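Engineer: Using the sequences provided together with the hints, build the complete structure.
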Amino acid sequence: MRKSYLTLIYLFFYLPIFTLIFYSFNNTQYSLVWHGFTWRWYVELFNDGDLWIAAWHSFFLGIAAATFATVIGLLAAVSLYRYHFFGRRLVNALIFVLILTPEIVTGASMLLLLTLSQLPLGFITLFLAHTCFCIPFVIVILYSRLVSFDKNIFEAAKDLGAEDGLIFRRIILPLLWPAVLAGWLMSFTLSLDDVIISYFVSGPEFQILPLQIYSLVRTGIKPEINALCSVIFLLTLALIVSAQFALRKKS
Amino acid sequence: MKRPNHFKHFSLTTVWLWLFIFALLPFALMIVASLLDHNETHIVMLPFTLENYTQLNHVIYLHIFARSLIIASFATLFCLLLGYPFAYLIGRMQNVRWKNLLMLLVIIPFWTSSLIRSYALIAMIKAKGIINAILLALGLIHQPLALLFSNTAVMIGLVYNLLPFMILPIITNVERLDNRLIDAARDLGANQITTFRKVIIPLTMPGIIAGCILVFLPAMTIFYIPDILGGAKSVLVGNLIQNQFLVVQNWPFGSAISTVLTLILATFILIYHLASRSNKKKQEWL
Amino acid sequence: MKIFFIFLLLALCPLDLMANDKVLNIYIWANELPSFAVRAFEKETGIKVNVSTFENNEMMYAKLRATKQSGYDIVMPSSYFVDRMRRQDMLEKLDRTRISNWKNLNPLFLHPAYDPLNDYSVPQIWGITGIYVNQRYFQANTISNWTDLWQKRFDSRLSMLNDTREVFSMALLSMGYSANDRDPEHIKQAFLKLKTLMKNIKVFSTDTIISIMIDEDASIGMAWNGDAYKAEQENPNMRFVFPKDGFVIWVDNFCIPKNARHRDAAYAFINFVLRAEVGRDIALATSFPTPNLAAQKLLPEKIRTDPTIYPPAEVMKRGQFQIDVGDETAALYEKYWDELKMSG
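Residue numbers (our numbering), protein chains in the order written: chain A, 2 to 252; chain B, 45 to 330; chain C, 405 to 748.
FYI, nobody ran anything at the bench for these hints, they're computed from the structure. For clarity, every value in this text was computed on a predicted model and none was experimentally measured. The beta carbon of each residue, even a glycine, is placed where N, CA and C say it ideally should be. Certain hints may be false.
Covered stretches of chain A (chain B as the covering partner; in silico rule of three or more C-beta atoms under 8 Å from a C-beta of chain B) [to be verified]:
hint, stretch
1, 10 to 24
2, 203 to 209
List of simulated lysine-lysine pairs, DSS-like, C-alpha gap at most 30 Å [claimed, not checked]:
hint, chain 1, residue 1, chain 2, residue 2
3, C, LYS592, B, LYS172
4, B, LYS242, A, LYS152
5, C, LYS592, C, LYS648
6, C, LYS452, A, LYS223
7, C, LYS556, C, LYS739
8, A, LYS223, C, LYS706
Structural biologist: This is how it looks when you write it as structure tokens:
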């Protein structure tokens with residue numbers, strides 16, 4: 002019974018992916034109905050250097066932003082949990098506001114802010130913006146996990162003379178690790194797919210994938226994009242699964 | 045002890061710096077903008093005015109807001125109903141390798157563009173789509189189901205895209221469940237259902253709340269998924285704000301709508317917080 | 405943490421190539437400029453072209469408005485956005501002496517209402533908003549005006565473009581008013597008329613319109629002639645009607661924004677694209693109508709004489725160029741648009 006429920010949900014997640022891969026072989030330019038098998042979109046894809054560069058940029062940006070956001074989010078969540086400091090409620094409220102604010106408002110206000118700072122639009126501005134909107138998600142995930150900790154552990158450690166940095170490294174971090182990973186994954190996912198905020202703060206020299214896809218969709222989807230998404234999907238799947246197997250061998 | 049707490053100072057400074065520049069300033073900008081005027085050559089300009097807020101006093105905006113609220117609420121509910129059992133089953137797995145792999149398998153599909161996945165959904169539920177083709181071939185229906193461009197399609201699209209945001213926080217909470225508490229409940233004579241209700245749910249509540257927040261808030265402002273799956277036949281808060289910023293070029297009004305949205309949702313959270321205070325057992329959440 | 409900062413610094417290094425002068429940053433609609441054209445230009449001139457794409461005029465405009473240092477040397481606004489942008493001093497006046505291939509352009513597209521002196525924009529692609537009909541369900545020759553869409557037989561069969569101006573223009577034209585009408589009374593009448601159309605409308609969409617046409621999710625509705633032509637290639641039941649009560653002509657233009665840093669490259673590019681052979685190749689690849697008359701003449705006869713893509717002159721006369729209506733009227737349109745959608 003449990004297995005079938007899990008399988009059902011996984012099917013729910015993966016059926017559209019399979020459809021996407023299936024349609025990347027569709028012999029049609031605009032229709033969303035099957036018209037026969039063809040390799041031509043993959044051929045076009047491999048000849049389209051721009052899309053690959055944009056994809057690579059997006060991955061790089063995602064990794065950078067997710068990592069930085071997780072670090073700051075971790076510090077923030079721990080601080081919120083452990084310390085009663087000036088402005089604590091304000092920080093809480095700001096996190097909430099950040100998640101809630103519509104992307105277009107965030108994008109526009111960030112653009113205005115970044116323009117005032119004279120930073121040229123490009124990787125740096127994208128990086129800053131992405132880190133910024135990922136942090137609240139990390140905090141929410143981490144905090145919910147921290148809340149279920151036993152506070153006595155910290156008291157005991159403090160009584161034994163441990164200073165906060167040590168407590169953080171030796172106690173909090175190991176216990177929190179799965180949540181940190183979850184936060185990182187969520188940030189990476191958010192960054193890879195962000196369109197509106199990225200749109201406002203991106204520059205001409207650093208192309209990212211979601212923007213390319215969204216604008217290509219405007220004048221009709223070509224299965225070439227399906228081909229790209231299929232390739233990316235299969236590559237990451239292969240990467241993750243093989244990493245898991247490699248780790249398994251180690252232990 | 046008077047030892048300087050380096051860690052604490054470092055953390056607080058970093059966090060405060062970051063949030064101040066990237067959260068407080070933009071938010072302040074938004075509020076200030078909502079109180080300003082605008083014209084064709086200036087995005088915002090003096091004088092200060094409350095007109096953007098008084099403009100909101102129109103039944104159409106209430107209608108739009110109510111609709112967004114209903115859709116977001118249902119989406120959250122479905123995500124919770126579908127996501128909680130899933131997260132629970134995965135979180136309770138003993139084999140850590142399997143668990144991590146399964147968790148990753150949930151996320152990987154979401155690294156492909158949500159727009160392309162939504163179009164795949166369209167290809168599946170269209171009149172000439174895959175689902176209808178299969179059902180017709182099996183003889184289960186005689187006319188293609190009109191799934192696309194309906195409220196059903198919108199809900200499917202929303203739940204599909206937001207489900208991982210419900211699952212991830214709950215998994216991290218479920219993992220922390222102490223088996224001894226569950227065993228203790230059993231020893232005291234509770235059956236499975238009671239154990240679940242009285243022990244497991246309260247213990248995983250922080251995760252549930254986190255999941256609901258991470259689903260409900262984006263669901264309130266999302267608009268392109270309802271548009272492409274629902275046929276863009278209604279206006280949601282997200283569309284409204286988007287159009288004010290882009291089509292009408294009235295950034296002050298768009299900011300005002302956004303501020304009001306924030307205030308209303310903050311009120312909800314506040315009410316919840318006050319209500320749960322009376323039942324407060326352990327730590328406070330917000 | 406330290407490792408991360410080193411990582412970051414390494415990532416910044418490649419960005420130093422920004423200092424290079426032989427660069428051109430263009431900001432265009434995706435699918436309106438095939439990459440082979442860009443590559444050919446790069447090969448010939450040695451200038452590296454960075455192509456950024458946007459998906460609608462409003463986002464492009466909002467971004468350029470918020471920052472005067474966007475970094476782009478060429479942008480591609482549609483008709484009434486050229487109007488808006490030039491009036492707000494966001495565009496450079498073009499020095500036509502530097503565009504020798506200007507003569508290739510079709511006189512029909514010179515001196516349009518949105519840029520009467522042609523000193524800010526160079527037309528690149530145009531289109532007409534008309535009615536597509538799926539011959540399999542409805543006879544195309546029974547439809548000749550916008551008003552025909554209100555017929556009861558189209559209940560839940562209609563698709564509309566998801567664009568405020570386009571839909572209202574259509575309603576205004578059906579009542580004999582101008583597509584660019586600013587009179588609040590006329591706009592209100594258009595709104596009331598549109599309310600009665602809502603039950604016929606199955607879907608509002610601009611992005612998926614081609615697949616909607618081909619896969620027959622809707623059987624009749626608003627579409628651009630270029631899109632209808634593409635749909636025709638995959639679904640032979642498609643027909644296109646140019647309404648007798650008038651229609652909107654839109655044009656996508658190349659413009660040079662203020663503070664562009666690589667003007668020489670920009671002019672070179674515009675001139676390159678206006679060449680007859682290049683224009684023809686672009687038109688063939690994108691399947692959009694081209695305002696480049698010299699290029700049009702080089703097209704294969706089948707396309708050159710296709711009435712959907714290149715309607716005859718008498719038909720073209722019924723068209724109106726879109727111009728800017730100003731922020732206040734835009735706000736009025738938008739308010740009625742919200743009410744219209746919520747009434748359905």
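Engineer: Now look at each hint and say whether the structure bears it out.
Structural biologist: Against the structure, the hints come out as follows:
1. A count of 11 residues in the stretch 10 to 24 of chain A with a Cβ less than 8 Å from any Cβ of chain B is obtained; the coverage claim is therefore met, three being the minimum.
2. Note: the stretch 203 to 209 of chain A has 0 residues with beta-carbon separation from chain B under 8 Å; the three-residue rule is not met and the coverage is violated.
3. The suggested pairing of LYS592(C) with LYS172(B) is violated, with an alpha-carbon distance near 38 Å, which exceeds 30 Å.
4. For the hint pairing LYS242(B) with LYS152(A), the CA-to-CA distance comes to about 22 Å; that is within 30 Å, so the pair holds.
5. For the given pair, LYS592(C) sits about 23 Å from LYS648(C) by alpha-carbon distance, which is consistent with the 30 Å threshold.
6. Only pairs whose Cα atoms come within 30 Å are accepted, and LYS452(C) paired with LYS223(A) is accepted, the gap being roughly 26 Å.
7. This hinted pair checks out: LYS556(C) and LYS739(C) have alpha carbons roughly 27 Å apart, not beyond 30 Å.
8. For the given pair, LYS223(A) sits about 24 Å from LYS706(C) by alpha-carbon distance, which is consistent with the 30 Å threshold.
Of the numbered hints listed earlier, those contradicted by the structure are 2 and 3.
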